[in-house]
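J.: Take these sequences, add in the hints, and give me the full structure.
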Amino acid sequence: MDALDSRIIAELRHNARANYGDIGGVVGLSASAVKRRVDKLVAQRIIRSFTVVVDPAVEGTAVEAYIELFCQGTVSPRSSNASCPTSLK
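All you need for my numbering is the position in the sequence shown, starting with 1, plus 7.
Don't read these hints as lab results, they were simulated from the structure. This structure is a prediction, so every number in the text was calculated from the model and none was measured. Be a bit skeptical, because a hint or two may be false.
Derived SDA-like pairs (lysine to any residue); straight-line CA-CA distance at most 25 Å [what the hints assert, rightly or not]:
#	residue 1	residue 2
1	Lys47	Arg24
2	Lys42	Met8
3	Lys47	Ala23
4	Lys47	Ser37
5	Lys42	Ile16
6	Lys42	Arg55
7	Lys42	Arg52
8	Lys42	Asp29
9	Lys42	Gly31
10	Lys42	Arg20
11	Lys42	Asn26
12	Lys47	Asn22
13	Lys47	Ala17
14	Lys42	Val59
15	Lys47	Val34
16	Lys47	Ile16
17	Lys47	Arg20
18	Lys47	Thr58
19	Lys47	Leu11
T.: Structure below.
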């Protein structure tokens, strides 16, 4: 993997649906050269998949977690609760 491959991967991370011509315009290669490189990265398992991230609330599959925290020494429940983000309380 070289610097061009890294730039191609950065573009795919930004938009996995970008076409090879658009990526080539950014990295300075033709669309066919980008396709060959992406195919090679997939064959070498450097790129393992192209994924879709969907808002869980839209699908009705929200995540809920229960966390148990054990403290030793002088950590009070009040001070540990104060450092917890409000969304986790």
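J.: State for each hint whether it applies.
T.: Results for each hint:
1. Distance restraint check for Lys47 and Arg24: the Cα-Cα separation of roughly 18 Å lies within the 25 Å cut-off, and the hinted pair is therefore satisfied.
2. The straight-line distance between the Cα atoms of Lys42 and Met8 is roughly 15 Å, inside the 25 Å bound, and the hint therefore holds.
3. Restraint check for Lys47 and Ala23: the C-alpha separation of about 16 Å stays at or below 25 Å, so the hint holds.
4. Straight-line distance between C-alpha atoms of Lys47 and Ser37 comes to about 15 Å, which keeps the hinted pair within the 25 Å bound.
5. Between Lys42 and Ile16 the alpha-carbon distance is near 12 Å, which keeps this suggested pair within the 25 Å criterion.
6. Taken as a hint, the Lys42 and Arg55 pair is honoured in the structure, with Cα atoms around 15 Å apart against an allowance of 25 Å.
7. Restraint check for Lys42 and Arg52: satisfied, since their Cα atoms lie roughly 15 Å apart, inside the 25 Å limit.
8. For the hint pairing Lys42 with Asp29, the CA-to-CA distance comes to about 11 Å; that is within 25 Å, so the pair holds.
9. Distance hint between Lys42 and Gly31 is fulfilled; the C-alpha atoms sit about 9 Å from each other, no more than 25 Å.
10. Distance check on the hinted pair: Lys42 and Arg20 sit about 16 Å apart at the alpha-carbon level, within 25 Å; holds.
11. For the proposed pair Lys42 and Asn26, the alpha carbon gap of about 9 Å is at most 25 Å, so the pair holds.
12. Of the pairs offered as hints, the one joining Lys47 and Asn22 holds, with about 19 Å between alpha carbons and a cut-off of 25 Å not exceeded.
13. Annotation: proposed proximity of Lys47 to Ala17 holds, straight-line Cα distance about 16 Å (limit 25 Å).
14. For a cut-off of 25 Å, the pair hint linking Lys42 to Val59 stands: about 20 Å separates their Cα positions.
15. With a C-alpha separation of about 17 Å, the suggested pair Lys47 and Val34 falls inside the 25 Å cut-off, and the hint holds.
16. Among the hinted pairs, Lys47 with Ile16 is consistent with the structure: their alpha-carbon atoms are about 12 Å apart, no more than 25 Å.
17. Between Lys47 and Arg20 the CA atoms are separated by roughly 17 Å; this keeps the pair inside 25 Å, and the hint holds.
18. With a C-alpha separation of about 18 Å, the suggested pairing of Lys47 with Thr58 holds against the 25 Å cut-off.
19. Taking the CA atoms of Lys47 and Leu11, the gap is near 13 Å; set against the 25 Å cutoff, the hint holds.
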